[in-house]
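Enquirer: Listed below, chain by chain, are the residues.
There are 2 protein chains.
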Amino acid sequence: MKKLQDKIISDGKVLSESVLKVDSFLNHQIDPPLMQAIGEEFASRFKEDGITKILTLESSGIAPAMMTGLVLGVPAVFARKRKSLTLVDHMYTASVHSFTKNETNDISVSKDFLKKEDVVLVMDDFLANGQAALGLLDIVEQAGAKLAGIGIVIEKGFQPGGKLLRERGIRIETLANISSLENGNVSFYEEAKIQ
Amino acid sequence: MKKLQDKIISDGKVLSESVLKVDSFLNHQIDPPLMQAIGEEFASRFKEDGITKILTLESSGIAPAMMTGLVLGVPAVFARKRKSLTLVDHMYTASVHSFTKNETNDISVSKDFLKKEDVVLVMDDFLANGQAALGLLDIVEQAGAKLAGIGIVIEKGFQPGGKLLRERGIRIETLANISSLENGNVSFYEEAKIQ
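Those sequence lines, one after another, are chains A and B. Number 32 in full-length UniProt numbering belongs to position 32 of the first sequence; there are no gaps in the numbering. Number 21 in full-length UniProt numbering belongs to position 21 of the second sequence; there are no gaps in the numbering.
If we strip away everything but chain A, and leave its shape as in the complex, we get (with noise of 0.2 Å):
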């Protein structure tokens, strides 16, 4: 998504050779018509696959992940994460353990907005090592729902997550991948080259 790319290289902040910081847009300030731009994206690239509910994580997943919602017409549901859970009576759960912190989290998703009849998109707003795709894909499992595909704002493809995912034979829409933050530079995947 060349709209997307753009706004990274002119306002991506790359921290080192694996962090790039998209506060001003995307993490911690919002970019409203940009967000409304993904969303229109992902609505048509999942637009035939009778999406039922999106579900992603709380915070920065919740506004690229409303819009979509938006454009499809299905209700966005986002899981909360906690440092541990002493309520799970009706929630689904799953363990997600940060790299980039250094920390294992909880998530979880009341049953009441995930059921066996849902077809669901999972979105996050970054994909690098996927274990918070890895969980909310555990908590789409327990509810007995059918995946539909992954929505990832922007992947670290030199990272491990996407491949592992891949690999797992499950489809996963990037708006922006990027191939290296070498020299203080982003670099992205032609589109082409990560299908």
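By construction, these hints were calculated from the structure, which means they are not laboratory data. A quick note: this is a predicted structure, and the numbers were derived from the prediction, not measured. Please note that the accuracy of each hint is not assured.
[Stated by the list, open to error] Stretches of chain B that chain A covers, calculated by requiring three or more beta carbons in the stretch to come under 8 Å of a beta carbon on chain A:
no., region
1, 26 to 37
2, 103 to 114
[To be verified] Below, in silico cross-link-like pairs of lysine to any residue (SDA-like), each with a Cα-Cα straight-line distance of 20 Å or less:
no., chain 1, residue 1, chain 2, residue 2
3, B, 111, A, 110
4, A, 21, B, 58
5, A, 81, B, 96
Using N, Cα and C, we set each Cβ at its ideal position, and we do this for glycine too.
Go by the hints and put chain B onto chain A.
Expert: Just chain B now, with coordinates in the frame of chain A:
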């Protein structure tokens, strides 16, 4: 806002005389068309105020804040919550006590995204005791920015936050102001009585 009040009556769950759960459309599962209507309503109420930025708090404030920003044509910034902040360089921070959870969190906003030239609309999903709003106002003040007002999706008008803030001369626009949750029923104040 009648559409929102109807949704609260049909889908909200009264858990006690002070707790209303709206997880099915606002706090966990999000109803995108309702968020769009909420965004349009807030934008209409604040369209003459020269808003340059919306400031909210993760996670449940993000959806209504982004939709309002989309209609007003301005970015939405969400303050981040953390148990305690170690890295506070280049951040505005404030403490927010939650009476329901009986815990105090620090909230923070990067100095990059809030400037003294900004005219800020503070938004949140709920207003009860007013602690979150006070934390956000503290951050607006630290930035030296101008506060246009506060936009609240659901106010629990029988709790003290709204009175406290209005007595300071702050403009609050509330879309649904609850007068009582007694006997498992939701009652609303008339719009005219709030102002």
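Enquirer: All hints are to be evaluated individually against the structure, with a verdict given for each.
Expert: Checked hints:
Given as covered by chain A, the region 26 to 37 of chain B passes the check, having 8 residues with a CB less than 8 Å from a CB of that chain where 3 are the minimum. Coverage of the region 103 to 114 of chain B by chain A holds [criterion: at least 3 residues with CB-CB distance below 8 Å; count 4]. Between the alpha carbons of residue 111 of chain B and residue 110 of chain A the distance comes to roughly 36 Å, so the proposed pair goes past 20 Å and is violated. Of the supplied pair hints, the one linking residue 21 of chain A and residue 58 of chain B holds, its CA atoms being roughly 18 Å apart against a limit of 20 Å.
Straight-line distance between C-alpha atoms of residue 81 of chain A and residue 96 of chain B comes to about 19 Å, which keeps the hinted pair within the 20 Å bound.
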